[in-house]
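Protein chains in written order, with my numbering: chain A, 375 to 722; chain B, 375 to 722.
By construction, these hints were calculated from the structure, which means they are not laboratory data.
Since the model is a prediction, treat every value here as computed from it, not as a measurement.
A few of these clues could be false.
Which copy is meant is left open, because identical chains are indistinguishable; a pair holds if it fits in one copy or across any two.
Claimed, not checked - Pairs of lysine-lysine residues, derived as DSS-like cross-links and limited to a Cα-Cα distance of at most 30 Å, are as follows: (1) Lys708 / Lys475; (2) Lys525 / Lys490; (3) Lys475 / Lys557; (4) Lys557 / Lys708; (5) Lys634 / Lys708.
Protein chains: 2
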Amino acid sequence: MEKILSLKYEEGQLVMIDQRKLPLQEVDFVARTYREVDFAIKDMVIRGAPAIGAAAAYGVALAAREFEDLDKEDFMKNLEEALEVLNRSRPTAVNLMWAVKRMRKLINENQNLEVKALSALILEEAHKVTVEDQAINIAMGDHGNTVIPQKATILTHCNTGALATVGIGTALGVVRQAHYSGKDLLVYADETRPRLQGGRLTAWELLKEGIPARLIADSVAATLIRDGKIDVILVGADRVAGNGDAANKIGTFMLSVVAKAYGVPFYVVAPTTTIDFESRSGEDIVIEEREATEVTHIEGVRFAPEGIEVYNPAFDVTPAENITGIVTEKGILKAPYTEAMAALRRTL
Amino acid sequence: MEKILSLKYEEGQLVMIDQRKLPLQEVDFVARTYREVDFAIKDMVIRGAPAIGAAAAYGVALAAREFEDLDKEDFMKNLEEALEVLNRSRPTAVNLMWAVKRMRKLINENQNLEVKALSALILEEAHKVTVEDQAINIAMGDHGNTVIPQKATILTHCNTGALATVGIGTALGVVRQAHYSGKDLLVYADETRPRLQGGRLTAWELLKEGIPARLIADSVAATLIRDGKIDVILVGADRVAGNGDAANKIGTFMLSVVAKAYGVPFYVVAPTTTIDFESRSGEDIVIEEREATEVTHIEGVRFAPEGIEVYNPAFDVTPAENITGIVTEKGILKAPYTEAMAALRRTL
Numbered sequence: 375m376e377k378i379l380s381l382k383y384e385e386g387q388l389v390m391i392d393q394r395k396l397p398l399q400e401v402d403f404v405a406r407t408y409r410e411v412d413f414a415i416k417d418m419v420i421r422g423a424p425a426i427g428a429a430a431a432y433g434v435a436l437a438a439r440e441f442e443d444l445d446k447e448d449f450m451k452n453l454e455e456a457l458e459v460l461n462r463s464r465p466t467a468v469n470l471m472w473a474v475k476r477m478r479k480l481i482n483e484n485q486n487l488e489v490k491a492l493s494a495l496i497l498e499e500a501h502k503v504t505v506e507d508q509a510i511n512i513a514m515g516d517h518g519n520t521v522i523p524q525k526a527t528i529l530t531h532c533n534t535g536a537l538a539t540v541g542i543g544t545a546l547g548v549v550r551q552a553h554y555s556g557k558d559l560l561v562y563a564d565e566t567r568p569r570l571q572g573g574r575l576t577a578w579e580l581l582k583e584g585i586p587a588r589l590i591a592d593s594v595a596a597t598l599i600r601d602g603k604i605d606v607i608l609v610g611a612d613r614v615a616g617n618g619d620a621a622n623k624i625g626t627f628m629l630s631v632v633a634k635a636y637g638v639p640f641y642v643v644a645p646t647t648t649i650d651f652e653s654r655s656g657e658d659i660v661i662e663e664r665e666a667t668e669v670t671h672i673e674g675v676r677f678a679p680e681g682i683e684v685y686n687p688a689f690d691v692t693p694a695e696n697i698t699g700i701v702t703e704k705g706i707l708k709a710p711y712t713e714a715m716a717a718l719r720r721t722l
Numbered sequence: 375m376e377k378i379l380s381l382k383y384e385e386g387q388l389v390m391i392d393q394r395k396l397p398l399q400e401v402d403f404v405a406r407t408y409r410e411v412d413f414a415i416k417d418m419v420i421r422g423a424p425a426i427g428a429a430a431a432y433g434v435a436l437a438a439r440e441f442e443d444l445d446k447e448d449f450m451k452n453l454e455e456a457l458e459v460l461n462r463s464r465p466t467a468v469n470l471m472w473a474v475k476r477m478r479k480l481i482n483e484n485q486n487l488e489v490k491a492l493s494a495l496i497l498e499e500a501h502k503v504t505v506e507d508q509a510i511n512i513a514m515g516d517h518g519n520t521v522i523p524q525k526a527t528i529l530t531h532c533n534t535g536a537l538a539t540v541g542i543g544t545a546l547g548v549v550r551q552a553h554y555s556g557k558d559l560l561v562y563a564d565e566t567r568p569r570l571q572g573g574r575l576t577a578w579e580l581l582k583e584g585i586p587a588r589l590i591a592d593s594v595a596a597t598l599i600r601d602g603k604i605d606v607i608l609v610g611a612d613r614v615a616g617n618g619d620a621a622n623k624i625g626t627f628m629l630s631v632v633a634k635a636y637g638v639p640f641y642v643v644a645p646t647t648t649i650d651f652e653s654r655s656g657e658d659i660v661i662e663e664r665e666a667t668e669v670t671h672i673e674g675v676r677f678a679p680e681g682i683e684v685y686n687p688a689f690d691v692t693p694a695e696n697i698t699g700i701v702t703e704k705g706i707l708k709a710p711y712t713e714a715m716a717a718l719r720r721t722l
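With these hints in hand, go ahead and build the complete structure from the sequences.
Put into structure tokens, the structure is as follows:
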């Protein structure tokens, strides 16, 4: 099995698998400037909350490199602008803001260094973000694996795999660890309209891993859940509020309602970097609305009539009460989440 | 507003709007033989339970015309084969079987007639099926309109309009009658993967009618329902069992679960011809599975990786307990459905 790397840094450039082209074409997108990283995040060359966080960290490193020849004051000014731009590239994924904040803190703490030294330190920090994410993925996978039966049919939504992270994945990382530990799995992958990350990316990753999988339209899941054909549902998150409400790819909330109605375990798998301790509930979470063409066109081909209005929110919020557990690298959080979150926060 | 006619009979040929090509191309598909009608139903040139029923009735008429020059015995033999073929063209829509049964009954009752006279009678009966469906649509629309508020946001699934019938539609017929009666409507139309009948056909019909509409991915509906943005949900049915369980386009069941969880009225709009009084519950309903390419490809363009397995059921079954009411041309049935159905049956 070849290892999937959503991004890698190579001497002054960030090489990303161009996820817009998968699975039909496996080509790289190379960013040499922070603005190219900003574009890559916006246009979903790279997506998935943890992957976006790592990309943004490297974006700051590319900016630092870009401005290395300026004097300190201009360097700092330009760097600050890069931080601002990257921070705004997508609104919902909290890892993005987390990564930018981490880089800003590092810069502030080391502002007495010379430009070149500071630039080197920033790159070092971006590498750290990546290495940490890999370890976090393994830890989440191991914790999550404890809730997977020896023979299990798992339902997934969107893509939460290697492509969404810089490691083995969040929810799909749990699937990988269960598979590696010898469990007998069948994965139903929701295609995840409108961007079809399940149909494109999760299907591709599962095929590469040799994990038995079936692709379904999003609305097929409800019948499978009712008919007892799903043992556990694993989803990722783009932002988890302090009370356990979780923003994730549109369609997650719907699954959670059906899971709750029919008593099927529903787990959110997300690193602690995805938790926004400051937001008290899902109501505080900004939901990104994306272009109408994501709905009216597929593969650049229009299928809906000209002139039809579209409502296209990228995410929805699943209330904590619908979530069986939140799998983090520190263990599995259970209700009451506000207490569990507060306890977790004290350990970070 | 030009009137949309899903099919019309013209001297030896059945002219259908080719729904595979809508909304980008408005072209006709012309069937001159019953086998072409069978193909049109199978390949979804025409779809929607009532429209399929009418098409099948005309298919029998085309067969009769085709075999008019044979002697009586061969005519009857070939006609019987046509009835068999048309009856099997799709497995779930009960109107198809209903229409074939009606034509067979007519043939049996008039088997003493000469070939030409019998053929003329068959065509007459197909016209009757069409005219009746138009009247039934209006009656359903009027009954359904009684549950629509003066200012209402309505959620629809799949296409249940003029294209799915030979009149104004079933669920979309209710929307039309509400609109014609001066109500202030906004319709959220589910795109309805995998075949996108909502995105292609319902969006097209609503634009033609000038009814304010927004297209959404199927999984967006859940959040709209929870957030109180939907006043009423109207869906069609392909087969209603004797206890009120309703088979309809995949995704209907999911909506019903969310509607029930959040107390939003959920109506099935279906003519009595869609009721299969013989099947005691949804478990008796055969669910058609369709080709993997409906999921892996859109507009003939592949987006999912080669080799991925697909599960593609065309319908799901919504249990009677999730249904607020079943709008028929005879009025609105309410729980307990078994009693309501039995009472209805006695009037037919």
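How the hints compare with the structure:
1. Lys708 / Lys475: within (28 Å within a copy, 57 Å between copies)
2. Lys525 / Lys490: neither (54 Å within a copy, 64 Å between copies)
3. Lys475 / Lys557: For Lys475 and Lys557, neither the intra-copy (39 Å) nor the inter-copy (51 Å) Cα distance is at most 30 Å.
4. Lys557 / Lys708: Result: close within a single copy only, 24 Å intra versus 47 Å inter.
5. Lys634 / Lys708: both (15 Å within a copy, 26 Å between copies)
Hints 2, 3 from the list above are not met by this structure, while the remaining hints are.
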